[in-house]
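Trainee: Which chain is which? The protein sequence lines are L and D, in order. The first sequence begins at 21 in the working numbering and counts up one residue at a time. The second sequence begins at 117 in the working numbering and counts up one residue at a time.
Since the hints were derived computationally from the structure, they do not count as laboratory data. Predicted model, so just to flag it, every value in this text is computed and none were measured. Any given hint could turn out to be false.
[Stated by the list, open to error] Straight-line C-alpha distance at most 35 Å; calculated DSBU-like pairs for lysine-lysine:
1. D:Lys281 <-> D:Lys307
2. D:Lys205 <-> D:Lys281
3. D:Lys307 <-> D:Lys205
4. L:Lys91 <-> D:Lys213
5. D:Lys281 <-> D:Lys213
6. L:Lys91 <-> D:Lys170
[What the hints assert, rightly or not] Quick look at which bits of chain D chain L covers, simulated, 3 or more residues with Cβ under 8 Å:
7. 150–160
8. 227–234
9. 243–256
10. 299–311
11. 315–321
Backbone N, C-alpha and C fix where the C-beta goes; we use that ideal spot for every residue, glycine too.
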Amino acid sequence: MTESPSRPPAAHPARAALAALRRCLVIALFAGVLLGWAADGRASDGDSDPLEGYNRVMFEINQTVDGLLLKPAAEFYVLAVPEGVRFRISNVLGNLGEPLNLLNNLAQGKMERAGTSFMRFTVNSTVGVVGIFDVATDWGLERAPEDFGQTLASWGVGGEPYLVLPLLGPSNPRDAVGFGVDWVADPVGHLMPAEGGVARGVLSGVSQRAEHIENLETLERTSVDFYAALRELYKQYRENAIRDGAAGASLEVPDYDFDEELDGYYDEDLDSYLDEDLEKYLEEK
Amino acid sequence: MSIPITRRAFAAALVAAFLVAAMAGQRAQASEDDPAFVFIEDVGGQAVAVLRDKANSTFEEREAAFRAIMVKGFDVPLVSRFVLGRHWKAATEEQRKAYMNIFLDFIVRVYASRFDSYGGEEFVVRSVIDDESGDKIVRTQVLRPSGGQPVHVDFRVRERKERLKVIDVVVEGISMLHTHRVEFTSVINRKGLDGLLGDLQARLDAPVESAAE
Numbered sequence: 021m022t023e024s025p026s027r028p029p030a031a032h033p034a035r036a037a038l039a040a041l042r043r044c045l046v047i048a049l050f051a052g053v054l055l056g057w058a059a060d061g062r063a064s065d066g067d068s069d070p071l072e073g074y075n076r077v078m079f080e081i082n083q084t085v086d087g088l089l090l091k092p093a094a095e096f097y098v099l100a101v102p103e104g105v106r107f108r109i110s111n112v113l114g115n116l117g118e119p120l121n122l123l124n125n126l127a128q129g130k131m132e133r134a135g136t137s138f139m140r141f142t143v144n145s146t147v148g149v150v151g152i153f154d155v156a157t158d159w160g161l162e163r164a165p166e167d168f169g170q171t172l173a174s175w176g177v178g179g180e181p182y183l184v185l186p187l188l189g190p191s192n193p194r195d196a197v198g199f200g201v202d203w204v205a206d207p208v209g210h211l212m213p214a215e216g217g218v219a220r221g222v223l224s225g226v227s228q229r230a231e232h233i234e235n236l237e238t239l240e241r242t243s244v245d246f247y248a249a250l251r252e253l254y255k256q257y258r259e260n261a262i263r264d265g266a267a268g269a270s271l272e273v274p275d276y277d278f279d280e281e282l283d284g285y286y287d288e289d290l291d292s293y294l295d296e297d298l299e300k301y302l303e304e305k
Numbered sequence: 117m118s119i120p121i122t123r124r125a126f127a128a129a130l131v132a133a134f135l136v137a138a139m140a141g142q143r144a145q146a147s148e149d150d151p152a153f154v155f156i157e158d159v160g161g162q163a164v165a166v167l168r169d170k171a172n173s174t175f176e177e178r179e180a181a182f183r184a185i186m187v188k189g190f191d192v193p194l195v196s197r198f199v200l201g202r203h204w205k206a207a208t209e210e211q212r213k214a215y216m217n218i219f220l221d222f223i224v225r226v227y228a229s230r231f232d233s234y235g236g237e238e239f240v241v242r243s244v245i246d247d248e249s250g251d252k253i254v255r256t257q258v259l260r261p262s263g264g265q266p267v268h269v270d271f272r273v274r275e276r277k278e279r280l281k282v283i284d285v286v287v288e289g290i291s292m293l294h295t296h297r298v299e300f301t302s303v304i305n306r307k308g309l310d311g312l313l314g315d316l317q318a319r320l321d322a323p324v325e326s327a328a329e
C-alpha cells in the first residue's frame, strides 16, 4: 500500500508530540500575555518590573528545569559533538532562519537588510552546502536577524512589562506574541516534515543553550542578583537587536563633582604605582 | 526549462554579494587619529596581552593585571558612584568608604572573570562616535579565531583631569554600567545597602573558577 499524502496529521507520533507541544506553548504564551497586559498600565518607568513577584517564581522554576534538563543536555552535546561540528550545525540552523529574517525585514520596510537575508539564504544554501558553511559572511554579507517581536517594536509596540515565560524564559508580551507569530509563519517550518520540525526545535534549543554554558555560569557567579541581571540583560539585548546593533541612544551618566562628592573616598595615588605594576607584568609575560 | 533562470539568478546573487562586500570595505574610518581611538587600542591591547598566554599565568595574576589596567584606564570612582545611584546620598560616611573599597575589588573580579574565556581573539578598533553627551563612543570588534560572528564591544570614554577614562563597556549592546546599577538597586531595595555590601563580599570570597584549564 502506498502512503497517502492526505493521512490525518495526528496519526504520526512525532506529529502528535509536536502538536501537543505547540498547544502547551500557545497556552503558556497566551496566559503570559494576558498576565502581562493585565499588569500593564501600572508603573512604567525605566526599570519597572510590575510582575516581579510572579516573574521571580517562574524564573526559579525555569532555573530548576534548566538545571535538570536543558543544561545537562547542552553539556552532553558539548562533550559528544566536536566544536567544529557544533559550529556547522549552528550555521545550518541559522540558515534555516533566514527566510523568517527576510519576511520580518520586509515587514519593517528594511529593503537593504531584506536583500541581505535573501542573498545569505541563496548563497549559503548553495555555495555553502545547505548552510554548513557561512560563505555569505566571508563575502561581507553579515547576518541581518529580525523576528516578529522586533517587527512589532518597529510598528511602535513597547517592550513593557518584563515577563518570564514558562520554559522559554525572559520575554515580554510583545516578544511572546512575536515568538508565536514567527513559529506559525515560518516558511521553513511549513515545508519540513513533522519529525524534521521536532529535531530542528530540540537541536536549536540545545545548540543555543550550549553556546551560553560558560557565559551564564560566569554571569551567575559574578552577580549579586542574577534575576535582576538577566532582566536588564534581556531588555538591553532586545533594544540592541531593534536598533540593528547601531550605537545606542546615550544613557545619561552625570558628571559628578569629584572634589565635593567623592573627595576622600578613593586613593588618587593608585594611578601612578599601578602603572609600574602593569608594565612589569606585561614585560614578564 | 528552469535551469538557465536559476543560474542567472545565482549569478546575479554572486555579483550583488561582491558589490556589498566592496561597499563595506570602502567605508573607511577617518577617526584613527582621535585620541580616544588610540587610547582604546592601548587599553584593549593590554587586556589582549594578559589573556593571550593563559597557560603561563594563574587567574590571580590575570586579575591583578586587570586591576592595574582598570585603575589606570577606567574612571572607577565615577563608575562606583553612578552604580549606587540615589542610594549614595543616603549612605553614611563608613558605608561609602566600605563600598568604594569593595566595589573596586568587585568590578575587577567581574571583568577578569567575564573576559577570561577569551584567548586567541583579535581586537580591532573600528571607529569613534561623538556622543551628544560629550563622551566618545569607541566601537570595536573582537574577532573569534574560530571564525564565528565577531563580538561588538563599545567603550564609552570621558575625559577627566585631561586624561581619557573608560566609564562604560557595552558588549553586544549590553552596558555593564547600567546592568550593575539595576542589579545593585534591586538588592538595596530588598536588603538595604549593608545587605548589598555583604552580598558583594560574599561574591568576592567565593572560589574563582577560571575559564582556562
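Trainee: Now tell me, hint by hint, if it's right for this structure.
Mentor: Hint check:
1. D:Lys281 <-> D:Lys307: holds (32 Å)
2. D:Lys205 <-> D:Lys281: holds (24 Å)
3. D:Lys307 <-> D:Lys205: holds (17 Å)
4. L:Lys91 <-> D:Lys213: Not OK: Lys91 of chain L and Lys213 of chain D at ~40 Å, beyond 35 Å, violated.
5. D:Lys281 <-> D:Lys213: holds (22 Å)
6. L:Lys91 <-> D:Lys170: Holds: Lys91 of chain L and Lys170 of chain D sit about 27 Å apart, inside 35 Å.
7. 150–160: violated (count 0)
8. 227–234: Since 4 is at least three, the answer is holds.
9. 243–256: Satisfied; 7 residues make the cut.
10. 299–311: Coverage by chain L holds for the segment 299–311 of chain D (5 residues, Cβ < 8 Å).
11. 315–321: As far as the segment 315–321 of chain D goes, the hint holds, because 3 residues have Cβ atoms under 8 Å from chain L.
In summary, the structure is inconsistent with hints 4, 7 from the numbered list given earlier, while agreeing with the others.
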